[in-house]
Amino acid sequence: MPANKKEGLIFGVMMCFGMVCVMSIYNAIINRAIYDFSLMTVFEMVIGFMIALLLDLLLVGPLAKKIAFRMPFDKTKKIYVILAMSTCMVIGMVLCMSVFGLVTAVLANGLNGDSLFSAYLMIVLKNFILAYPLQLLIMGPLVRGVFMKFVKPKLTAAI
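Take 1 as the starting number for the sequence shown in full-length UniProt numbering and just add one per residue.
Across the chosen pairs, the derived CB separations fall in these ranges:
#1 5 - 137: 26 to 32 Å
#2 34 - 13: 23 to 29 Å
#3 77 - 117: 34 to 40 Å
#4 130 - 39: 24 to 30 Å
Derived lysine-lysine pairs resembling DSSO-like cross-links, with alpha carbons at most 27 Å apart:
#5 78 - 152
#6 77 - 149
#7 66 - 77
What the hints contain is simulated information worked out from the structure, not anything from laboratory work. Note that the coordinates shown come from a computational prediction; the quantities given were computed from them, not determined experimentally. The C-beta atom is built at its ideal place from N, Cα and C for all residues, glycine as well.
Generate the whole structure from the sequences, applying the supplied hints.
Below you can see the structure in the form of structure tokens.
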């Protein structure tokens, strides 16, 4: 786990990159846009990554940490800390990044007769359905493993 700001930045970049890649492909599939893959799609993924990283580092990450550590659980148990942080992060990131998804969808197709609020709620629901298990079961363990095996030893050796 990250122990300082530099490690936190590297860990955040790794986690955001993985989550944005998978979530972008997922959203392209469910919106039937996977067949229209183009340079614009790559550009949208890069913009999505930059927005997600800024949200992670400046808003959602600090807020999730604050909320997670205020919860009544045994903070000496690493698994509880990971579950609390991951849950708070996924909820915050899904709520925020779904706004990005809504704006992208409205610019591409309009609302198709839906209200803005109902369209947003559907995007949140669809994103949460994948993001939460993806974070808990795949991306979280994968990024933590790669970080602890390859990144942290190099950062520790450099000090």
